[in-house]
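Student: Chains A and B, in that order, give the protein sequences.
In case it helps, the working numbering puts the first sequence at residues 1 to 255.
In case it helps, the working numbering puts the second sequence at residues 1001 to 1320.
No lab work stands behind these hints, which were simulated from the structure alone.
You may find that some hints are simply not true.
As the list claims (entries may be wrong) - Using 30 Å as the maximum straight-line C-alpha spacing, the simulated DSS-like pairs for lysine-lysine come out as follows: (1) B/Lys1279 - A/Lys228; (2) A/Lys253 - B/Lys1181; (3) A/Lys150 - B/Lys1279; (4) A/Lys145 - A/Lys30; (5) B/Lys1181 - A/Lys150; (6) A/Lys30 - B/Lys1253; (7) B/Lys1317 - A/Lys16; (8) B/Lys1211 - A/Lys16; (9) B/Lys1185 - B/Lys1286; (10) B/Lys1142 - A/Lys48; (11) B/Lys1181 - A/Lys88; (12) A/Lys253 - B/Lys1317; (13) B/Lys1181 - A/Lys48; (14) A/Lys48 - A/Lys105; (15) A/Lys253 - B/Lys1194; (16) B/Lys1185 - A/Lys163; (17) A/Lys163 - B/Lys1194; (18) B/Lys1317 - A/Lys145; (19) A/Lys253 - B/Lys1142; (20) A/Lys163 - A/Lys150.
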Amino acid sequence: MNICVIMKQTFDTEEKIRIENGRVSEDGVKFIINPYDEYAVEEAIRQKEQHGGTVTVVSVGPERTAEALRTALAMGADEAVLISDEGKPLDEYAVSRLLAAYVGKQSFDLILGGNFSVDNGAGQVAIRVANLLGIPHVSSIVELKIENGKASVSKDAEGDIEKIEVSLPAVFTAQQGLNEPRYPSLPGIMKAKKKPLTQLAASDLGLSADDVAPKTEQTSLFMPEARKAGQMISGSPAEQAASLVQLLRNEAKVV
Amino acid sequence: MSQKVLVIAEVRGGKLRQVTLEALAAARLVMQSGDQAEAVLLGHNVGEMASALASAGFARVHVADHASLETYNPETWLPVILDLVKSVQPSAIFTGHTAIGRDLAPQIAAQLGAGQISDVTAIDGGEFIRPIYAGKAFEKKKFASGPVIVTVRPNNFPPAEPAGSAGEIVSIDYAPPGSLKAVIKEVVRKASGKVDLTEARIVVSGGRGVKSAEGFKVLEELADVLGAAVGASRGACDAGYCDYALQIGQTGKVVTPDLYIACGISGAIQHLAGMSSSKVIVAINKDPEAPIFQVADYGIVGDLFEIVPLLTAEFKKILA
């Protein structure tokens, strides 16, 4: 079974955000595989371990993305592809066209991605890719079993669980709870250095600059208003509880 | 020339979701005078909800009512909506940033070769404001070219007030497709009857300080009295105290309720990202140095197992 994981490199979730010169500063920032994509990478490797085949990880991004792809290779993926963003701000339309152009040229049985990225958070790309490829998808899965060319998945639908049977090839996006991603082992890290990491440009995929011209653009960035520490409520537990309820009712007027 | 805006409506538990009216409110912010809002509603036995939409301010409500549309499946829903988009030719499509909206909108956008701006919390002069890094920062975006496709975050736009005379209800001829590539075999209702976390007006949330799955019971009791949803920090989910579906933070859900009550949550930056836009924040924690107190409007240093049941009793008195 040939498996593709579409992934993204993101800021570590513990990072604070600073805006400098109208952009989010990357100075000194620790980058990771987007946590939801990491579940997808782990699931791909587990499926390969069970059914055989290969795992290809593919990403659209700047040069630094190679580091996240190497991490995925160290976890156990076989091959990586970095499609360059060519230093331009791309939107979900553009990124999904690049990914679909690459994935469509291969023959994958299973395509996995994260439910959303913890930076942009739009959650569009994997679903767009499924649509562009004309194959079914299920988003936000917490379980995946493959048998006789069919996938049985459990989807988290706002707390309810939907059990869905899907013919392959198909796209699935990973929700938290799908698995517990492994740490790359030392031998894994050594092996990863020798695994193929191919760099592609839009033109290698037969796409012109017009084909990947974004449909939406960012006009500005700003920080939310900082919250101030409010009032500490003292007294015995019973007094604290009573005052809080009064404040929420009469001062904050939210209850 | 007057244009049309299409809002994709949603029902949950036999009721119209409030986010549908919030999406209409957002749509009105980009509509010019003379423009018309239409709604599309898919589901089963949704007659009442269609009437509610017609009197909510939609000039026309397109309804596909069929047993096979009861549970959302992209394969059954998408063709109905794409057909409608073809005939209505809307200049903009709005829906909620919900499980269904998040799944449906990108497919429509891909089919139309269009851009989409997701999870919008405000609209300012034709530009769309949305959180990035789960709300650690915000961006303003605009469409370089149409059509406009937008999903709006629940709880951020005041629901639209009814305007104009009742709209007309148009039923869509629907025949289920012969075969499906993805078949829903079973729906395990775990959330039924519960308030959805992202739409809840009040959230009671627990962290590692809750200590066990059992410990969440006191939070659930408080939530029941308040009609609130229960949430959790990553720490509590990782420790197995509760389901990942409840997780609030940069991984997990971002919530913006009127009232957020954080119990035994220290306030890691990745959790703060998911709840800092709540209108009023209450923190209950044993540790007076916990970072959560720096964002809380009201703080109580104390044992949540002592404080929370007392709160439940106090709220019962005033809400009885």
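Student: So, for every hint listed, does it hold in this structure?
Tutor: Hints and how they fare:
no. : hint                  : verdict
1   : B/Lys1279 - A/Lys228  : holds (12 Å)
2   : A/Lys253 - B/Lys1181  : violated (50 Å)
3   : A/Lys150 - B/Lys1279  : violated (46 Å)
4   : A/Lys145 - A/Lys30    : violated (34 Å)
5   : B/Lys1181 - A/Lys150  : holds (10 Å)
6   : A/Lys30 - B/Lys1253   : holds (22 Å)
7   : B/Lys1317 - A/Lys16   : violated (42 Å)
8   : B/Lys1211 - A/Lys16   : holds (28 Å)
9   : B/Lys1185 - B/Lys1286 : violated (46 Å)
10  : B/Lys1142 - A/Lys48   : violated (42 Å)
11  : B/Lys1181 - A/Lys88   : violated (37 Å)
12  : A/Lys253 - B/Lys1317  : holds (16 Å)
13  : B/Lys1181 - A/Lys48   : holds (23 Å)
14  : A/Lys48 - A/Lys105    : holds (21 Å)
15  : A/Lys253 - B/Lys1194  : holds (24 Å)
16  : B/Lys1185 - A/Lys163  : holds (5 Å)
17  : A/Lys163 - B/Lys1194  : holds (20 Å)
18  : B/Lys1317 - A/Lys145  : violated (50 Å)
19  : A/Lys253 - B/Lys1142  : violated (35 Å)
20  : A/Lys163 - A/Lys150   : holds (13 Å)
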